[in-house]
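Keeping their order, the protein sequence lines are chains B and L.
Just so you know, the working numbering puts the end of the first sequence at 302, numbered straight through with nothing missing.
Just so you know, the working numbering puts the end of the second sequence at 481, numbered straight through with nothing missing.
Careful, some of the hints might be misleading.
Computed footprint of chain B on chain L; a stretch qualifies when at least three of its residues, placed anywhere within it, have a C-beta under 8 Å from a C-beta of chain B [as the list claims (entries may be wrong)]:
# : region
1 : 417-430
2 : 451-461
Simulated restraints on C-beta separations [as the list claims (entries may be wrong)]:
# : chain 1 : residue 1 : chain 2 : residue 2 : range
3 : B       : 125       : L       : 113       : 50 to 58 Å
4 : B       : 65        : L       : 129       : 48 to 56 Å
5 : L       : 232       : B       : 125       : 51 to 59 Å
6 : L       : 415       : B       : 157       : 45 to 53 Å
In case anyone wonders, no lab produced these hints; they're calculated from the structure.
A virtual CB, placed ideally from N, CA and C, is assigned to each residue, including glycine.
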Amino acid sequence: MGRIKTSRKTRESLGFILPGLFFLLAIDLFPLLYSLGISLYSWWLARPRDIRFIGLDNYQALLTDPAFYRATVNSLVFMLGAVPLEFLAGLGMALLFSGRLAGAQVLKTLILLPLFITPVVSSMMWRLILHPDLGVLNYYLTLFGLGRPLWLGTPGLAMASVILLDAWRTIPFMFLVMHAGMEALPREPYEAAAVDGATPFQAFWYVTLPLLKYIMLLTVLIRLMDAFREFDSIFVLTGGGPGTATETIQLLNYRVFGLGHMGLANALSILTLCFVAGMCYALMRLMARRSW
Amino acid sequence: MKGSLRNWTIALVAILLWVFASPAGAGTTKSINLAMLAGFKEDVLRAFLPAFEERTGIKVNLDTAPYGDLYKKQLLSLAGGAGRYDVLFIDEPWVPTLAEFLRPLDDLAKQVDPSDFVPTTLAAGSYKGKIYALPVDPNVQILVYRKDLFDQRGLKPPGTWAELLAIAKQLHDPSKDFAGFVMTAGSDVQTFAYLTLFLWSWGVELLDANNRAAVNTPAGKAAAEFYLELLKYSPPGVKGYTFADVTKTMQLGKAAMAVQWASGAKPMEDKEKSVVAGKLGYATVPKQARQTPIRGVWTIGVAKDSKNPDAAWEFAKWLASREFGLLAVKYPSTSSAIHNARYSVLKSPTFTGTLPYAEAILTSLEVAKERNRIPQFPDIQEQLRLTGAKITTGELSPADGLKELEASINRIMAK
C-alpha cells in the first residue's frame, strides 16, 4: 500500500517538475553544452569552411596568453575592489535608516535613483562628466586649482573610477536588500539586549550582524557574480582602456568574439563560467553551514 | 469571469491578426536593410535618403553600429547566414574577409562607368581581382594645419616628421591651452591608424614577403618612440581622445596641427561649428623614409544572400554615384563627411570650389598606401590598436610593445 502511494506521489511530483526541467534543459543546458562543444573547435567566422576539432587547444591558447592573465587580474581587481566597498557602504546606510531619520522616505527614494537608470545611460552620463577637457567635474576642480585629472585616461585611476562608478550604481541595491532584511528582524532580541544594558554598538555587533549574516552573504554572492561578469558600464566608460588597464574577461571575450573566433570566445566563456561557479559553490557551502 | 476571458481572447486574436497581416500589407514597396556606420556619415546619408526612397520606391532600413562594432555585426550576420543585411557599408580592410559573403559586382559595375573612379579607390573594394564593393567615400589621412598661425610666423607646412615635431614644439603652449599637434592615443580605434602611419613612414612593413611579422626592428622602435615624443605636444586629455575629439580640438582652435582622415576636415571648415573655418591649410602627411598616408576607403557591397538583390544594387549604385557625391559635397556633416571617389566629382568646380582641401585629397590618394589585403587584417588592426594603446599609456615600452605586436601578428597569421 505504502509503495503504491509513494510511486504515485513520485509520479505526481514528476508531472510538476518535468515542464520546468524541460525548460531548464532547453534554455540553460542545451546552449551550455553547445558552447562547450564549440570551444573544442577551431572555428573562425571568416573561414566558414574550415571548422576543425582541436580538442583543448583553445584552452591551452588562452592559458598561455598574457592577455588572458591580464584580463583575469583586472576582473578580480574590479570585483574585489567594488564589492566590499558596496557592501560596507550599503550596510552603513541600512544601519542609518534603521534608526529614526527625518525625511527618511524622501531620502530613500533619492538614494535608490541610480538603480533605476539603465547602466549604459548612466555610464554615458558619467563619461561626459569625467571628460578631461569638456567634463563638468574637471571644470569645478580647475576652479579650485585642483588640476584636471584624466579620470578614465590614466591606467590606475581609470580602474578606480570604474570601481567607484559601479559602487555609485549598486550601493542602492545593497542598501535596499539589507534595509529590508533589518526591517524584518524580530524586535525581541534587541529588547533583551537593551535590558541587559547593551550599547548600540554591542547591539549591532552581537544581535544585528549574526541575524543578518545570511542576507549579507546572499547579497555579496549576487554582487560578486555580477561584478565578475560586469560588461556594459566598463564597455561604455573605458572600452577596456587605457591600454588594457580595465579590460576584464568579459571585454576580452567581446573582443575575441567580435573578430569572429567562435571557438576561442566560447572557451573563454566556459572558463568564466567555471570560475563563477566555483566561487558560488564556495560561498553556498559557507551559507549552508548555518551553525551561526 | 467568463466575459473577461472572452475579451482577452478577442484581444489576442486581434493582436495576432495585426502582427501577421502588416507585412503583407506592405507588399508592393521593396525594403532593404543597410548595415551602416553610426554617428559618422550617417547624417549625410539620412539627409538624402528620403529622395532616393521616393524616386525608387525602395525602403531602406538603417541598422547602425559604431565603428568598433560594425565589422563584428557584419561578420557575425553574414557568416551566420542570418540574411539580415542586403547592403553593407564596408571599411576597406574588411573587404578581403567579407568578400566570401558578398556578391561579385564586376558585371554590374560596368553600368556605373568604373573608369571614373580613382583607380586606388576601386582597388579598395576589390579582392583577388574581383570587385566586391564600390567605393563611396575615399578617405585618406591628411595633414591639417593652422595656415593663419603659420603665415604669421613665416612657417611652411612640414615636409618631414622632424620638421613637424619642431613646429609642434614651437607652437605648443599649455598655459594658453593650445597644443602643437592633436591625434588619438590610448585605446581608441583610431590609435591603430597613428601607429601604422608612423611605422610605415619609417619604412616598416607589417608583414614580410613570407607573411611573417616584420615590425620589431630598429626603425619600428624609432617610429614608436616618435609617437611618444609627439604626445608631449598634444592636449592633456589626448589618451582618451577619439576621431571626433581630434576634429573638435581643431574646431575650437586648440591645436596648431593634426593628422586626420579627410572626412574630418569638412566639419573643421563649417563656419557654424568651427572658429578656424577658412584659416586652415591642408597637405599630404609628412615623410620620414617614405610618404605613406593610409588609404581608408568606405565602400558599399551587396550581400550574396540578399532577398532583394536588385533593390540592393540600386541603392549601392546610387550611393557611389556622381549625383549623390555632388549632393554630399554641399551637406554640412556634423562629424565626418562623405566625399566621392569619382574624378568627375573630385575635379568638379562644386568640389574644388567648396572644399579647400580638395587638392590634398587627390594628391594624398595618389600616394596612399593600402593595408595588407588579407582576411586576417582586421585581427592585425586590432592588435595594432592594442599595442598603440599600451605604448602610449606607458603600459609597455616601445621595444616591449613591438615585441608583443610581432608575436601577436605571427600568432594571427599562423591560424
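Going through the hints against the structure:
1. 417-430: The restraint on the region 417-430 of chain L is violated, since only 0 of its residues have a Cβ under 8 Å from chain B and three are required.
2. 451-461: holds (count 7)
3. B:125 / L:113: 50 to 58 Å: Hint violated: Cβ distance 39 Å, outside 50 to 58 Å.
4. B:65 / L:129: 48 to 56 Å: At roughly 37 Å between Cβ atoms, residue 129 (chain L) and residue 65 (chain B) fall outside 48 to 56 Å, so the hint is violated.
5. L:232 / B:125: 51 to 59 Å: 54 Å, holds
6. L:415 / B:157: 45 to 53 Å: 51 Å, holds
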